[in-house]
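Residue numbers (my numbering), protein chains in the order written: chain A, 534 to 702; chain B, 4 to 151.
Don't read these hints as lab results, they were simulated from the structure.
Keep in mind that a hint or two might mislead.
As a list, the in silico DSS-like pairs of lysine-lysine whose alpha-carbon atoms are at most 25 Å apart [as the list claims (entries may be wrong)]:
hint	chain 1	residue 1	chain 2	residue 2
1	B	77	A	580
2	A	580	B	66
3	B	36	A	579
4	B	75	A	614
5	A	629	A	577
6	B	96	B	145
7	A	577	B	36
8	B	96	B	66
9	B	75	B	96
10	A	577	B	77
11	B	96	B	137
12	A	579	B	108
13	A	614	B	108
14	B	66	A	614
15	B	66	A	579
16	A	702	B	108
17	B	66	A	577
18	A	580	B	137
This one's a predicted model, so the numbers in the text were calculated from it and none came from an experiment.
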Amino acid sequence: MRAVRNLLGWIVWALLVAGATLAIGVIWFPQLPVRQPLAFNHAKHKKMACVVCHRGVETGAWATIPDMNTCLNCHAAPPVKDATAIAIWSAAAMAKHIAWQRINRIPDHVYFSHRRHVDLARLDCASCHGDMADRTTPPAHPLTRISMNNCLDCHRQQSASTDCARCHK
Amino acid sequence: MHWLLVITCTLLLVIGCGPNGGSPLPATRAQVKRPAPPADPVQFGRQVFEKCGCVMCHGADGKSGIANPNAKTKDIVPPLTYVAEGYLPAELKQFIRRGQPNIDKMNPNGPTPPFKMPSYGAWISDVELDALQKYLFSLMPKGEKEAF
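Same shape as in the complex, but just chain A (with noise of 0.2 Å):
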């Protein structure tokens, strides 16, 4: 009987280890690694404004990620060495598509412009997207951590409005 409860104990035990384990990976890690077609290196285009390429943010909602047609405006040849990089690249540019995977998510229960944020609060791209520039490879995940409490930090410091209904659909 006592080694029955024993064994229930450790089975109890190992599943609450379990269960932390996964909670910990879905509270740090809301979302699987993300792999990029290509290691673009931000750090090598530093001195471009983010704009350039992420068109759209100083005119609507939403970022964009760059198309093949915008790397192919100056890059003439493959900016890679790697033959596996290369092959990409050129197939790339021939279908003028990349699949660039998309990094940052908000839920779809919250509006955001970033018309309003970058166009008319005139916010440096850092403040919600960490130092991006600095990263000469693609991260996995995205560099900061965009959750409520640190919209309506900034937004009661800045004195904008924290009405649920205005980032709510």
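Let chain A serve as the given structure and place chain B on it in line with the hints.
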């Protein structure tokens, strides 16, 4: 057994109540405001020059371009110091809007120069283009005369 349970629960509590909800990711940081465009069109043009990435290829103040192997412009992206000599304002603006998609090769049988000038038509507003033109014209060294 009990101490194991206590340790586990304590760890959960500490992690869950930690800063930023326990996440190792930093919170969005102190907000940095971008300065408003300067009133002086030449200074605004300089901002546009940097914002649009011209500085990446043509260098700071347009003084020296980066290497562009096998480009007919002496293997470099050309500097912009003397654009005021070669272009009327409207011509320069048109060139910036159009870009230069094909760079002439020094050696016709050699590789394509890796960098070309993008077409800024969709990237730049009329106000920005006007300021950029004024800035580029201001790069002309003062007091220099055309020499033939």
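Verification of the supplied hints:
For the hint linking residue 77/B to residue 580/A, the alpha-carbon distance of about 24 Å falls within 25 Å, and the restraint holds. For the given pair, residue 580/A sits about 16 Å from residue 66/B by alpha-carbon distance, which is consistent with the 25 Å threshold. Restraint check for residue 36/B and residue 579/A: satisfied, since their Cα atoms lie roughly 18 Å apart, inside the 25 Å limit. For the suggested pair residue 75/B and residue 614/A, the alpha carbons sit about 24 Å apart, so the restraint of at most 25 Å is met.
Between residue 629/A and residue 577/A the CA atoms are separated by roughly 22 Å; this keeps the pair inside 25 Å, and the hint holds. Using a Cα cut-off of 25 Å, the hinted pair residue 96/B and residue 145/B holds, with the two alpha carbons roughly 22 Å apart. With a CA separation close to 23 Å, the supplied pair residue 577/A and residue 36/B stays within the 25 Å bound. For the hint pairing residue 96/B with residue 66/B, the CA-to-CA distance comes to about 19 Å; that is within 25 Å, so the pair holds.
A distance of roughly 23 Å separates the Cα atoms of residue 75/B and residue 96/B; the hinted pair therefore holds under the 25 Å criterion. This hinted pair checks out: residue 577/A and residue 77/B have alpha carbons roughly 23 Å apart, not beyond 25 Å. Taking the CA atoms of residue 96/B and residue 137/B, the gap is near 10 Å; set against the 25 Å cutoff, the hint holds. A threshold of 25 Å between alpha carbons decides the hint, and for residue 579/A with residue 108/B the separation of about 28 Å lies outside it, so the pair is violated.
For a cut-off of 25 Å, the pair hint linking residue 614/A to residue 108/B stands: about 21 Å separates their Cα positions. Taking the CA atoms of residue 66/B and residue 614/A, the gap is about 28 Å. The hint is violated against a cut of 25 Å. For the suggested pair residue 66/B and residue 579/A, the alpha carbons sit about 19 Å apart, so the restraint of at most 25 Å is met. Under the criterion of a C-alpha separation no larger than 25 Å, the hint pairing residue 702/A with residue 108/B is inconsistent with the structure, at around 55 Å.
About 20 Å separates the Cα atoms of residue 66/B and residue 577/A, which keeps this hinted pair within 25 Å; it holds. For the given pair, residue 580/A sits about 21 Å from residue 137/B by alpha-carbon distance, which is consistent with the 25 Å threshold.
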